[in-house]
Structure formats: C-alpha cells, structure tokens
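So for the sequence shown, this note's numbering puts the first residue at 62; every next one is plus one.
There are no misleading hints in this set.
Label-pair ranges, simulated between beta-carbon atoms:
1. A138 with D246: 29 to 37 Å
2. S72 with P283: 51 to 59 Å
3. R121 with R187: 24 to 32 Å
4. S87 with G317: 18 to 26 Å
5. G144 with R480: 23 to 31 Å
Simulated from the structure, these hints should not be mistaken for laboratory data. By construction, the Cβ of each residue, glycine as well, lies at the ideal position given by its N, Cα and C atoms.
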Amino acid sequence: MTRPASRLWPSVLLLLALLLALGLGSLGYQRLHRAALADLTLRGESTLSLAVAALNGQLRRYDRLAGLLARQATIRAVLATAGDPAAIEAANVYLRATARLLDASDIYAMGLDGTTVAASNFDQPRSFIGGNFAFRPYFIDALTRGEGRFYALGTTSRVRGYYFGAPIDGPAGPVGVLAIKIDLDAIEASWRGSDYEVIVTDPEGIVFMSTHPDWTFGATLPLTEGRLERTRRTRRYAETTLRELPIRAATGADGGLTWRFGGASDAEYRVLSERMPDADWTVQVLIDTAGARQQALTRLAVGALLAGLAILVAVIVWQRRARLAERLALQAEARAQLERRVQERTAELAAVNRRLAAEVTERTAAEGRLRATQADLVQAGKLAALGQMSAALSHEFNQPLGAARNYAENAVTLIERGRIDEARRNIDRILGLIGRMGDLSRHLRNFARKPNAQLSDVPLSEPVAAARELLGWRLRAQSVTLRVDLPPLTVRAGPVRLQQVLVNILSNAIDAMEGCETRAIALTARAEGATAVLTIADTGPGIPAQLLTRIFDPFFSTKGVGKGLGLGLSISYNIVHDFGGTLAVANAPGGGAVFTLTLPLAGNAAGHGDP
Numbered sequence: 062m063t064r065p066a067s068r069l070w071p072s073v074l075l076l077l078a079l080l081l082a083l084g085l086g087s088l089g090y091q092r093l094h095r096a097a098l099a100d101l102t103l104r105g106e107s108t109l110s111l112a113v114a115a116l117n118g119q120l121r122r123y124d125r126l127a128g129l130l131a132r133q134a135t136i137r138a139v140l141a142t143a144g145d146p147a148a149i150e151a152a153n154v155y156l157r158a159t160a161r162l163l164d165a166s167d168i169y170a171m172g173l174d175g176t177t178v179a180a181s182n183f184d185q186p187r188s189f190i191g192g193n194f195a196f197r198p199y200f201i202d203a204l205t206r207g208e209g210r211f212y213a214l215g216t217t218s219r220v221r222g223y224y225f226g227a228p229i230d231g232p233a234g235p236v237g238v239l240a241i242k243i244d245l246d247a248i249e250a251s252w253r254g255s256d257y258e259v260i261v262t263d264p265e266g267i268v269f270m271s272t273h274p275d276w277t278f279g280a281t282l283p284l285t286e287g288r289l290e291r292t293r294r295t296r297r298y299a300e301t302t303l304r305e306l307p308i309r310a311a312t313g314a315d316g317g318l319t320w321r322f323g324g325a326s327d328a329e330y331r332v333l334s335e336r337m338p339d340a341d342w343t344v345q346v347l348i349d350t351a352g353a354r355q356q357a358l359t360r361l362a363v364g365a366l367l368a369g370l371a372i373l374v375a376v377i378v379w380q381r382r383a384r385l386a387e388r389l390a391l392q393a394e395a396r397a398q399l400e401r402r403v404q405e406r407t408a409e410l411a412a413v414n415r416r417l418a419a420e421v422t423e424r425t426a427a428e429g430r431l432r433a434t435q436a437d438l439v440q441a442g443k444l445a446a447l448g449q450m451s452a453a454l455s456h457e458f459n460q461p462l463g464a465a466r467n468y469a470e471n472a473v474t475l476i477e478r479g480r481i482d483e484a485r486r487n488i489d490r491i492l493g494l495i496g497r498m499g500d501l502s503r504h505l506r507n508f509a510r511k512p513n514a515q516l517s518d519v520p521l522s523e524p525v526a527a528a529r530e531l532l533g534w535r536l537r538a539q540s541v542t543l544r545v546d547l548p549p550l551t552v553r554a555g556p557v558r559l560q561q562v563l564v565n566i567l568s569n570a571i572d573a574m575e576g577c578e579t580r581a582i583a584l585t586a587r588a589e590g591a592t593a594v595l596t597i598a599d600t601g602p603g604i605p606a607q608l609l610t611r612i613f614d615p616f617f618s619t620k621g622v623g624k625g626l627g628l629g630l631s632i633s634y635n636i637v638h639d640f641g642g643t644l645a646v647a648n649a650p651g652g653g654a655v656f657t658l659t660l661p662l663a664g665n666a667a668g669h670g671d672p
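With the sequences and hints as input, model every part of the structure.
Structure follows, in structure tokens:
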C-alpha cells in the first residue's frame with residue numbers, strides 16, 4: 062500500500078463513523094418519537110374518557126326530571142285553565158324554585174302551538190314568556206316520541222344549553238311540553254388549562270364546546286348545503302355565522318388521525334374521538350405533537366451525550382491501562398524476579414485494603430440508613446394510630462352530621478316558603494342530634510373505662526326510635542321501608558351506645574340494598590329466658606359465605622374502595638359484648654342478611670349510670 066493511500070484511511074473511517082452515527086440517530090429518533098407519541102396518546106385517551114364521563118354524568122342527572130315535572134299538578138293546571146292569572150303565577154313561582162333547587166338554567170312550559178305560558182325566568186329581562194319554540198326538535202320529539210333532547214344556542218337568552226323535553230298530558234292526550242335547559246359551561250371551563258385541547262361537535266361536525274375559544278362554532282367537516290340547511294331548520298345556533306376551520310387531515314405513520322391547522326402556528330394535533338350515541342355528539346381530544354417531537358429530541362440528545370461520555374471514559378481508561386502496562390514492562394526488565402513478586406504481593410494487599418475500606422464505608426452508610434428507617438417506622442406507627450382514631454371518630458359522627466345537614470337544608474327551604482313552625486321543628490331535631498353527638502363524644506372520652514360499670518335499664522323502643530329518626534332522611538332518600546315490631550322489653554345496656562349499634566347495622570343494610578328492586582328492613586324483638594333477642598333483616602344480596610367469619614374484623618369491609626372504613630361492625634360487636642350480649646350475622650334462606658343481637662333483660666345484670 063502506498064503512502065498517499067494509507068493517509069486516506071483515517072478520513073474514510075471517520076466518514077463511515079459519521080454516517081453510522083447519523084443512521085443510528087435517525088432510527089433512534091423515530092423510535093423515541095413513536096414512543097413519546099404513544100405515551101401522549103395513552104394520556105389523551107384517559108382525558109377523553111374523563112371528558113365523556115363528565116358529560117354523560119351531567120346529562121343523566123337531568124334525564125328523567127322533565128317527565129317528572131310534567132306530571133305535577135301545578136304544571137298541568139296552567140295549561141288546563143287557559144290563561145288563568147293565578148295558575149300562571151303559581152306555575153312561574155314553582156318553576157323558579159325548582160330551577161334553583163335543581164341548578165337548572167331554565168324550566169318552562171309550552172302549549173301545543175309552542176308558545177311559552179310559564180317559565181322559571183318570568184321575572185327576568187329576557188323571559189321566555191310568550192316565546193314560541195315549536196321549531197325546536199326537543200318540542201317536536203316530546204310530542205311525537207314521548208321525550209326530546211337537543212343542544213343549541215338559545216334564541217332568546219343567547220346562552221348555550223342542553224334541552225330536555227317531555228309531554229304534559231291532559232285527559233285526552235298531550236296539552237303541551239315542559240322543557241328543562243341546563244348549562245354545560247362549567248364542564249367546558251374545567252377542561253381549560255389541561256395539556257390537551259378538547260372539543261365537542263354536533264352531528265354536522267360543528268364545534269359547540271371547546272377549550273380553544275376561536276374554534277367554537279367552527280366546522281370540522283365541509284359546510285355543505287345539506288348540513289347548513291339542517292342547522293338552519295332547527296336554528297341550533299340562532300343567527301351565529303358558521304365557518305369551516307382550516308383543517309388539513311392526514312394519517313400518521315402509526316395509522317392515527319392527525320389535523321394540521323393553517324395559520325401562523327401551523328400546529329399539528331393527534332386526534333382521539335369517542336361518540337356519545339344518546340346525545341349524538343362526538344367528543345375529540347387534540348394532542349399537540351410538538352411535545353412528542355421535543356421529548357424525542359431531548360431523549361436523543363441525552364442518549365448521545367451519555368454515549369459520548371461513555372466512549373470518552375473508555376478511551377481514557379484504555380490509555381491509562383496502556384501507559385501502566387508500559388511502566389510495568391519496564392520495571393519487569395529492570396528488577397529481579399524477587400522484587401517483582403514483592404511488588405505483586407504489595408499490590409494485592411493494597412487491593413484488599415481498598416476493598417475492606419469500601420466495605421467499612423458501605424456498612425457505615427447502611428447503619429445510617431437503618432437508623433433513619435427505624436425512625437421513619439416509629440413515625441409511621443404514630444401516624445397510623447392517629448389515622449385509626451380519626452377514622453373511627455369520623456365514622457361514628459358522619460350519620461348524625463348527615464341527618465343534621467339534611468334537616469338544615471330543609472329548614473332553609475321551609476323558611477323561604479314561610480313555614481316557620483315546620484322549620485322550628487327541624488331546628489329542634491338538629492339540636493337533638495347535637496346533643497346525641499355530645500353524648501357520643503363523652504362516651505368516646507371514657508372509652509377506656511370498664512364497660513360493665515355504666516349500664517342502665519333501657520326500654521328497647523327508645524334507642525330504636527332514636528335510630529329510626531336519625532336515619533329517616535336516608536330511608537326516604539333510598540325508598541327503603543322499615544318495619545318495626547317490638548314488644549315492651551327493657552334491656553340492660555347503655556342507651557347511646559345501643560343506639561350507635563342500631564344506626565351502624567341499619568346504615569349498612571341501607572347501603573347493601575342500593576340497586577335492589579325491593580328495599581325493606583324488618584326489625585323485630587322477642588324475649589327468650591333472661592335475654593332479649595333483636596333481629597334486623599334486609600332484602601339485600603346478603604354476605605358471601607367465605608366472608609361471614611371476617612365481617613366483624615376491624616377495617617374489613619365488603620363495600621367498594623372509598624365507601625367504608627370497616628370499623629362500624631367491629632365497634633358494634635365490642636359494644637354489644639360490653640353489654641354482656643352477643644352479635645351474630647347470617648344469610649336468610651330467601652336472600653338478604655340477618656343480624657341477631659342478644660341483650661340481657663333488665664334485672665338480670667348489675668350496673669348503674671348512663672354511658
């Protein structure tokens with residue numbers, strides 16, 4: 062090989078290395094970009110699911126309310142009396158109060174010709190009274206199909222909303238339509254500030270909800286004459302001018318749909334879609350792909366930097382080893398075999414010493430970590446004990462607090478309606494609940510005392526009546542029938558703690574029957590020798606056989622995650638045991654769970670005081 066040719070080889074090798082690095086960099090960027098885009102897509106799918114769930118939840122909240130309100134006597138009367146001022150006034154006031162209670166935007170009643178005769182906004186500047194909405198699909202569908210649903214921009218209020226329509230039936234058929242309008246702006250506002258853009262389009266592809274205000278009332282599909290005519294016919298967007306968004310659709314390398322918006326930014330978005338069949342909407346999440354590109358470039362740069370550092374370290378190590386080898390070779394030639402052996406032995410001892418020093422350092426660090434871990438465990442134990450105590454207190458106070466809140470809300474409504482006596486009775490009930498919580502707090506302070514030293518003769522009907530009153534609002538809200546059959550029995554117990562046991566068992570029964578067609582609880586009692594036997598049976602699904610032996614364990618619950626602490630039955634079991642009684646559970650042959658309490662009858666156990 063000639064000298065000029067030998068000089069070319071380093072340049073050729075350098076060029077090949079650069080080409081190889083560029084190829085590997087391009088391949089690595091593509092893989093990193095796909096991975097980053099897949100990660101963004103996965104998070105976008107989660108955002109899409111949450112957005113669809115939020116919209117469905119809001120719509121289902123009002124799904125059946127229009128039909129229920131249409132059957133109210135006040136609403137039927139305003140259409141049956143043909144313009145009676147008193148009936149119209151009563152309907153207006155009723156609709157205003159109902160709209161405030163339901164947090165609805167507007168509620169109004171229309172005649173068969175579509176003219177509004179009563180509305181919740183009767184006293185507002187832009188009242189619907191006298192307005193005709195016969196052109197709206199929710200009005201037409203309510204009369205022809207029995208219910209109507211429609212999303213539109215209000216022609217009177219100029220506010221977007223979703224409408225529910227239901228027929229108002231008279232003796233000979235429908236006499237009008239009742240409509241409920243709800244506002245979805247709060248959901249739209251909650252989407253803003255996220256990492257993604259969220260839009261909702263109607264069947265014609267027109268955006269009516271968007272985290273990007275400039276896209277609202279823009280079309281993602283071509284505005285053909287047919288689409289425009291269908292939109293004009295229903296006046297979905299009133300007089301708003303519609304426009305096509307400057308979208309260029311394409312298919313990405315991984316098969317996903319991408320949109321590129323024209324303009325100064327020329328941003329590219331990955332598009333994820335999900336239809337809502339009931340509302341006939343399409344919810345779309347737009348993911349800016351610039352983030353994926355930036356993430357891929359950043360990772361590629363970091364990888365290249367680490368690779369360069371690794372190569373540099375390898376070269377330095379190789380050079381140092383080469384120089385050390387040269388020195389050792391020179392020393393081997395200059396010294397005798399004995400000296401070489403001494404040096405080798407010295408090197409071995411030095412290596413052992415370094416290993417020992419490293420082990421000592423590592424063990425010292427491990428001891429420090431162990432001490433820190435032990436301190437953390439002690440602190441965790443303290444926090445766990447505090448958490449258990451807080452959970453128990455929260456569990457036992459939630460029932461009376463929930464009842465007090467319900468009575469307070471009803472009292473506000475009664476005061477607004479001028480029913481002062483009924484409101485005063487509600488406030489008396491709240492004071493009674495506060496007194497009971499005080500008794501329970503006093504009981505919790507004395508929890509460590511000997512339980513058998515504070516029992517008294519308690520008529521069984523009193524704690525049963527108190528528990529029934531405490532849970533009355535839940536029984537009504539869940540449509541649960543409570544049948545009580547008690548003979549005149551007096552037991553030896555603590556009235557407040559016995560009431561606590563009954564509330565826990567009845568509350569669990571109400572929770573267990575959620576979703577059941579038949580919801581009933583039977584509470585009966587009988588005397589057997591020196592004890593009273595109290596049974597509480599529900600019509601729920603019962604308790605799985607393999608869980609019956611664990612049902613009274615602390616922190617064990619058959620409810621879903623976040624719906625129970627697993628303390629109620631454990632506390633109840635210990636309370637009944639303190640009374641000298643027993644608490645057991647079994648499944649009824651016909652279905653449902655049966656809790657059985659045995660308590661000593663008065664005169665068969667010693668004790669005094671009132672816990």
